[in-house]
Amino acid sequence: DAMVIQNPRYQVTQFGKPVTLSCSQTLNHNVMYWYQQKSSQAPKLLFHYYDKDFNNEADTPDNFQSRRPNTSFCFLDIRSPGLGDAAMYLCATSLFQGTQYFGPGTRLTVL
Amino acid sequence: RKEVEQDPGPFNVPEGATVAFNCTYSNSASQSFFWYRQDCRKEPKLLMSVYSSGNEDGRFTAQLNRASQYISLLIRDSKLSDSATYLCVVAYTGGFKTIFGAGTRLFVKA
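Top line first, the protein sequences correspond to chains V and G.
Just so we're aligned, residue 1 is where the first sequence starts under our numbering, counting upward by one.
Just so we're aligned, residue 1001 is where the second sequence starts under our numbering, counting upward by one.
No wet-lab data here; the hints were simulated from the structure.
Because the structure is a prediction, the values reported are computed rather than measured.
All residues carry an ideal CB built from backbone N, CA and C; glycine is no exception.
Any given hint might turn out to be false.
To be verified - Partial list, derived from the structure: chain G residues whose beta carbon lies under 7 angstroms from chain V:
#: 1; residue: P1044
#: 2; residue: L1046
#: 3; residue: D1057
#: 4; residue: F1096
#: 5; residue: T1098
#: 6; residue: F1100
#: 7; residue: G1101
#: 8; residue: A1102
As the list claims (entries may be wrong) - Pairs of lysine-lysine residues, derived as DSS-like cross-links and limited to a Cα-Cα distance of at most 27 angstroms, are as follows:
#: 9; chain 1: V; residue 1: K44; chain 2: G; residue 2: K1109
#: 10; chain 1: V; residue 1: K17; chain 2: V; residue 2: K38
#: 11; chain 1: G; residue 1: K1097; chain 2: V; residue 2: K44
#: 12; chain 1: G; residue 1: K1042; chain 2: G; residue 2: K1002
#: 13; chain 1: G; residue 1: K1097; chain 2: G; residue 2: K1002
#: 14; chain 1: V; residue 1: K38; chain 2: G; residue 2: K1042
#: 15; chain 1: G; residue 1: K1045; chain 2: V; residue 2: K52
#: 16; chain 1: V; residue 1: K38; chain 2: G; residue 2: K1002
#: 17; chain 1: V; residue 1: K44; chain 2: G; residue 2: K1002
#: 18; chain 1: G; residue 1: K1002; chain 2: G; residue 2: K1045
#: 19; chain 1: G; residue 1: K1097; chain 2: V; residue 2: K52
#: 20; chain 1: V; residue 1: K38; chain 2: G; residue 2: K1045
#: 21; chain 1: G; residue 1: K1045; chain 2: V; residue 2: K44
#: 22; chain 1: G; residue 1: K1109; chain 2: G; residue 2: K1079
#: 23; chain 1: V; residue 1: K38; chain 2: G; residue 2: K1097
Take the sequences, apply the hints, and build the full model.
Right, dumping it as C-alpha cells:
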C-alpha cells in the first residue's frame, strides 16, 4: 500500500546532540511537509518542499533544517535540540495543494 | 488571537447523540477548509474537506460560513469509535500554508 513512513518512531537524544528524523513516501507526491506537535496543541508547520523548492515558515527556529535528496525522502535535522524541542514530529505529503497525508510521526524525547 | 480557534472540549456524549463542533478562523484570505481526526498518539487523518455549499459524508456534515468566518462539523448517531480529537484546518492561497486548530476532544460513551 502507498504510504508515508517515518523513522524512527521514537527517538531519544541528549540536550545539544544533533538528531535527524526521516520520512519517506511511496505516494509519489511532489510536496512534503514537516510539522511539530506538542502535547494537546495543534500541529505547527515548520517548512515544506514543493518539489525541490524549500519553503521555511517565518517563525521556524534556525535550529531546524531540512533536506530532500529526492522525491521520496525528506529529512528533518535538529542541530542542537533543547528541552523545548521535545514533541511529536509529523511528516505529511500532498499532490500539489491536495489533501495532506500524514506519516505516523516520530516522538522525540530530549534528555 | 489564534488564527484558528476551537473549543477544546471535552465533549462527553452518549452513543446515538448528535454533536456539533465549531471552528473560527481569523484570516479572510483563507481558501480551503478541512476537518481532520486524530486519535490519541496517532497521526491526523483527513475526515472531510469543507465546501462552500456544505457537504455530507454519511453521519458527518460539514458547513462553511465565510461571512462569519467559521466552519462546523456535525456528527449524527455518535458511535464509540467516533471518540477522538477533531482538528479544524485552514489553508491559505496556494494551499501550502496550513494552520491547524488545537482540536476538540470528543468522548462517546456507551
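**Message:** Of the numbered hints stated earlier in the document, which are not met by this structure?
**Reply:** 3 and 9
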